[in-house]
Structures are given as C-alpha cells and as structure tokens.
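Top line first, the protein sequences correspond to chains C and B. Quick note on the UniProt record's numbering: the first sequence kicks off at 1 and runs consecutively. Quick note on the UniProt record's numbering: the second sequence kicks off at 1 and runs consecutively.
Incorrect hints may appear among the rest.
Note that identical chains are pooled: a pair holds if it fits in a single copy or bridges any two copies.
Stated by the list, open to error - Think about it this way: if two alpha-carbon atoms lie no more than 27 angstroms apart in a straight line, the pair counts; the simulated DSSO-like pairs of lysine-lysine are: (1) Lys39 with Lys61; (2) Lys201 with Lys277; (3) Lys130 with Lys335; (4) Lys39 with Lys288; (5) Lys162 with Lys207; (6) Lys162 with Lys201; (7) Lys39 with Lys162.
These aren't lab readings, by the way, just hints derived from the structure by calculation. Note that the structure is predicted; figures quoted are calculated from it, not measured.
Protein chains: 2
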Amino acid sequence: MPPDSREDGLSGRIVISVDAMGGDRGPAAVIGGLTEAAKRIPDVDFILHGPEEELTRLLAKRADIAARCTIRHASGVVTMEDKPGQVMRHGGDTSMWSAIESVREHEATVAVSCGNTGALMALSVIRLRKLPGVNRPAIACLWPSRNPGGFNVMLDVGADIKADAPDLLQFALMGTSYARNGLGLARPRVGLLNVGTEDHKGRAELKAAHELIEASAGIGQFDYVGFVEGGDLPSARVDVIVTDGFTGNVALKTGEGTARLVGDFLREAFNASFLSKIAAVLALGSLKRLQARIDPRRVNGGVFLGLNGTIVKSHGSADATGVAAAIELAYRLAKSGFQERLAARVASAAQAGQDAAQGGEEDGTSE
Amino acid sequence: MPPDSREDGLSGRIVISVDAMGGDRGPAAVIGGLTEAAKRIPDVDFILHGPEEELTRLLAKRADIAARCTIRHASGVVTMEDKPGQVMRHGGDTSMWSAIESVREHEATVAVSCGNTGALMALSVIRLRKLPGVNRPAIACLWPSRNPGGFNVMLDVGADIKADAPDLLQFALMGTSYARNGLGLARPRVGLLNVGTEDHKGRAELKAAHELIEASAGIGQFDYVGFVEGGDLPSARVDVIVTDGFTGNVALKTGEGTARLVGDFLREAFNASFLSKIAAVLALGSLKRLQARIDPRRVNGGVFLGLNGTIVKSHGSADATGVAAAIELAYRLAKSGFQERLAARVASAAQAGQDAAQGGEEDGTSE
C-alpha cells in the first residue's frame, strides 16, 4: 500500500464520541457544532456524553440530528478548574471519562472534547494507555502557513513540559503520520524548533535530537530540513515542526495572541475615520476571506498522539463553528484509518531503528 | 531620590558609540539612521566605528551630521556567519570590538550595533564583564502591547539558552529597571512566562522562581502578577515578562513571524479585487497608522542587561528608520542614567536579599 493512500478498506459509517460538557459555552454550542458538521458529512454518527435529560431536551429541537445521536448518560462535569489528579481519582461519572470510554471500548473511532486539557490528557493516558513504543504522548496543532494546504503541524504543544531526544524523534514520526493522514502530504518535511538554524546552536538534547531525526528520515519516509526558528512556524519550507511541550505551548499561545492583537488593531484602524469606515465596507468580502484564513476556529482541534485511540481536543471557548471544525478533523482522521497507520508507523520505526542499530538500514512499511 | 525620577543630575551632551558595519544593509543605512536620530535629538554626538575611508566618504555628503561624528578606524568586520569564539579570539580589529571599547573606556555611555548577536554578546561579556551580583546577562526586547505606553518588556530573548530560578529573579530586577528608565513606569508589573497561570503548573525551576520573585517584589519595588502565558505577552495586565533565553527567543520570533504572516495576508486581501483596491486607497491613512503600531522597526533594539555598560542590538536587517529607533532608545537609556541605576538596583537587591535571608525585610534604595 503506498504511504499516501487514503483508501484503506474501512467501510460503513464513522462513529465519533463527543463530550457534550466542559466547554465554556456549554452543551448547546457542542450540539450546534455537531449539527453543522453532520450536515456536511453524511456518513457520521455520534455518541453524545452528558446529563441525559439536558441533552434530550437540546436535541428535541433537532429531529434530523437526534436520529444520528446516541445519548450516553453521565451526570458529572469536569470543570476548567479541576486538577487532573482529582479527575483521575473521582471522575468516573463525568462526561469526559465516558467519552474516552467509548473509544476504549471501540464503539467510536475518535473522541472530541472541549474540556480541561490537563484532565483530558491525564484521563486519556490512564484509560487508553500509551501505544507500544511511545514514551511520551504529544498534542499536535495546525498552524496557518504559506504552504499550499494552508497549514503546518506543530507538536508537542502541551501534553508534557519536556521532551528528550528520543521523545523528539517520536514526535517527528507521529507528526509526519498526522501530516500524511490529516493533511494528505505524501512526504512531509520535518523541522526541529531551535533558537538558530546553525548546527551548533541550542540545548544538548536538541543537538542529539537533530542527529537522531536526520538518521531516521529514510526509515520514516520524511525529509528533514534541520533546525527551524519561531519565524518559520508559518513557513513554506517545512510541514511538521517538532518541539517540547513547554516551548510549543508558549509558541502556540504567542502566535494566537499576536494574531488577535493585530486583528484588534486592524478593527480600530477601520473605525478610525469616516473614509476608513467606507473602506471597510468596500473591502468587506476580502476582509472576510482574510479573517477566515487566520480564524483560530478553523484550525480548532489539538490531536492527542501516541495513545491507543485518537482524542481531538477542541478549544474550551469554541463556538458551534469551532466544534464543527474539531468534529470534521476527527472524522477525517477516523476515515483515513489514522490510528492504525500511526501505530504501525511507530512500531515499524522502532523495529527499523533496532535493525539500523544492528548495522543495516531498511525501508519502513507504508503507513 | 524617588524611584521613577527621570532627572538625575547628568549634564552635558550624550555620546553614543555606533558600530557602522555588520548590518545587512551596510554602513549607509547606519549613517542614514544616525542622521534621522540626530535631527530629533540635539544633545547627542557619535563615535562611529568602521573603515575610515569609507565612512569619511559617506559622511562627506552630510556636513551637518559629520560635525557631530568622530570616526574611529577599524578595518575588520564581523559577519553574520562568524562564530562568537572566532570573533573573541581574532576580532580585535573589528568595528564591533572597537564600538564596545568606547563604552569600556567611558568615552560613550551606550553602544549600538546591527551586527551578529552571538558575537556581540560574547564580546560584550568579555570586554565589559558582568555587573557584580549578576550571574547571567540577558537581552530585553520591547513587545507591542495593549498598555497605554504601547509596549511591554520581555527578557531574556536570547543571551543564553537557559536560566535557573535565581537568574530569573535577576531578570525580573533588571527588566523592571529597564521598564522604569526606558518606558517611564514607576512600579512595573512583572509576570513569569509559563504554560498556565495556576501555581502548580510548569517546570521545577519555574515554581522556584515564582516563589523567589514573589518574595522580592517589595524589595524590588515592583508588583508580581504571577505566571503569564504566551497570549499575555501583549497584555495590559503585565509590563515585564520574564523567561529563559530559549523560550523568549522562540516567542519573539514566533510573534514577529505571525505579525508578518497576517500583514502579508492583509496585503493580498487588499489586492484581491477592484473594490478592495479602492478600499485600500480610502483607508490608507488608517492602515499606515496600523502599520506603524506593529512595525518591528519601531521596537528595534534589544538591550543587553547585566554588564558594565549598556549595549543596544539593532536588527541585522534594520534600515535607516530601524537604526534611528535603536539610537533613540540608546539615547533615552543614557540620558536617564540607566546603567548606574541598574547597577545600584542589582547590588541593593542582592544586599536586601541577604538581609531578608537573615530574617528581616527592608525596602531597597531607589534606583
């Protein structure tokens, strides 16, 4: 099977597990997003987790979508303030736990939640367990870029606060697998985030990772472009940016904050004078397209990689449009058979790495 | 003397040492910037370092400014590709070395260079030496913000690739000193960059720094707002953002890259249709003001803190406008007596910290 093949023999309808609770805008926004996504995707059904009475009432207004939803009752809600440890010990009755359980029981291929990231990652790790061969799971995000597809992948953006060289190599393998199946790139280009592009720059673990990733490019069927800098995150010379979860999280939030700042300044500029207000009306179509290009809701969905099951984390503040984007991403990954391909990729890379260490080098199996 | 006093008894003209070479646009851009700045600042003179013949020729066209410049001949140039170690060993004949020497010899108060950052920092450390009490120098940058003054301070953005808790405390002290003298803030608010705002988040050294900085807020005469995230860099709830040089460098370049991406998308949007082109003409004034607000040239100038002398690092790609901004920043710092105030602040904080460790807490002297 060619590595970029999207056809994988999966048939039948895709089932997505959805945590209806825990987002800032409550279950109505989640059901709104689910409805938007369902209109565009005919072959998807949902298992919806949360308080049965409330969800039944919200779905009562939408007979078309209700027919495609199974409600799974869960009375508890994980709040944004809950500590991951508490949720792991006492969260058995929550909608978040229940949503993950549907993936664990193979009732659904992917789960989507707008809830507390730390709790969602902690629960996902203890309930789904790490994939064989993976030391540290990662959260991958999409980043608006100058590439033809419009997005780059960056990971880890916050699953953990550190990563050593072998972890960073696994991030490269998992990130390329995501780029193949989520963005349709046959041979992704990988860069390692650093404070300069010269080989001698950066921390010791980055120099070690630099060599490890370079040596694994053949086996992993990706191209390694070497070190990249913060300014390269939207660059067209790279598709997958690898970094530790601390740096990635700061970069992600810095980028979002900067885009928001420029957007606010732009709005002020158009409100500054009579002429500029007329200009805003004339340019409305173009400005709307611009807004869509940098709209964080369009890239909504951090994907948890490295577990026995795929979890899509939607922004806590996501509205219906944001939730719909996260659900469509979950659908795309489920449809491509991403989870099985990623598992095979990690396993074969570990095997190939062992073979290479024994002196030979072997092409990995397709993903 | 009150801590926010700008009047400090310094009199006479300010002398700034300028490295004419090493920038991407050559000495003409540097002399252009120097001319722009000199027009706006009557009480500044320059020592200009570089090849005498070339500089004399460039200055010949500008008699007004030539009278305020002393040329100091240096035949060598530090290129962007030169390794800091090489420059430290063999860079004695370079304009960069010579520019630092003028500060070392107290001929000039501040030096400005557009050259290679790594080499400039390495040379500055060996020639000027670290301030007593400072373990790790830092580079501070200005960040466009929603605060009334329009800027926040972030440090370290790349002097070093790591920082432990006592280093981060020193960054807080040096950053507040810079905010007082560079931005005129009487009591700056300090935040520590992390992946979340809850006390339990982040790496061990960040938790330790969190407690150290909190305990030093009284002595250091700043307010500590606790952990901040990447999205808070332009926030109005903080003035000085403290982080290690690896994270700060990635954040700085990510922010610049994002602003550039949005700017490019905006230009494309205005070129998309006939109507949007008309709109661009109508909104020209407002858009130019917007551009000025986010123009990286306006915030040009990373300041090296923690040495026996102040160095302003201009962007390598700075044009005349960028160089002028760096020179005006250097002038503001020189005029305020920043270097002496910073040295006193670091020394008194170290002393006060020792006193506090012995059980008492004492208000530091003004800066």
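These are the hints, each one checked on the structure:
For a Cα distance limit of 27 angstroms, the shortest separation of Lys39 from Lys61 inside one copy, 15 angstroms, qualifies, whereas the shortest one across copies, 70 angstroms, does not. Proximity of Lys201 to Lys277 under the C-alpha cut-off of 27 angstroms is found in neither arrangement, the shortest distances being 48 angstroms within a copy and 44 angstroms between copies. In the homo-oligomer, the alpha carbons of Lys130 and Lys335 lie at most 27 angstroms apart inside one protomer (22 angstroms), although the nearest pairing across protomers, at 59 angstroms, exceeds that limit. For a Cα distance limit of 27 angstroms, the shortest separation of Lys39 from Lys288 inside one copy, 23 angstroms, qualifies, whereas the shortest one across copies, 43 angstroms, does not.
In the homo-oligomer, the alpha carbons of Lys162 and Lys207 lie at most 27 angstroms apart both inside one protomer (15 angstroms) and across protomers (15 angstroms), since each shortest distance falls under that limit. Both within a single protomer and between protomers do Lys162 and Lys201 lie at most 27 angstroms apart by alpha-carbon distance, with minima of 19 angstroms and 13 angstroms respectively. For the identical chains of this complex, Lys39 and Lys162 are neighbours neither inside a copy (40 angstroms) nor across copies (50 angstroms), given an alpha-carbon limit of 27 angstroms.
The structure fails to meet hints 2 and 7 from the earlier list, while all remaining hints are met.
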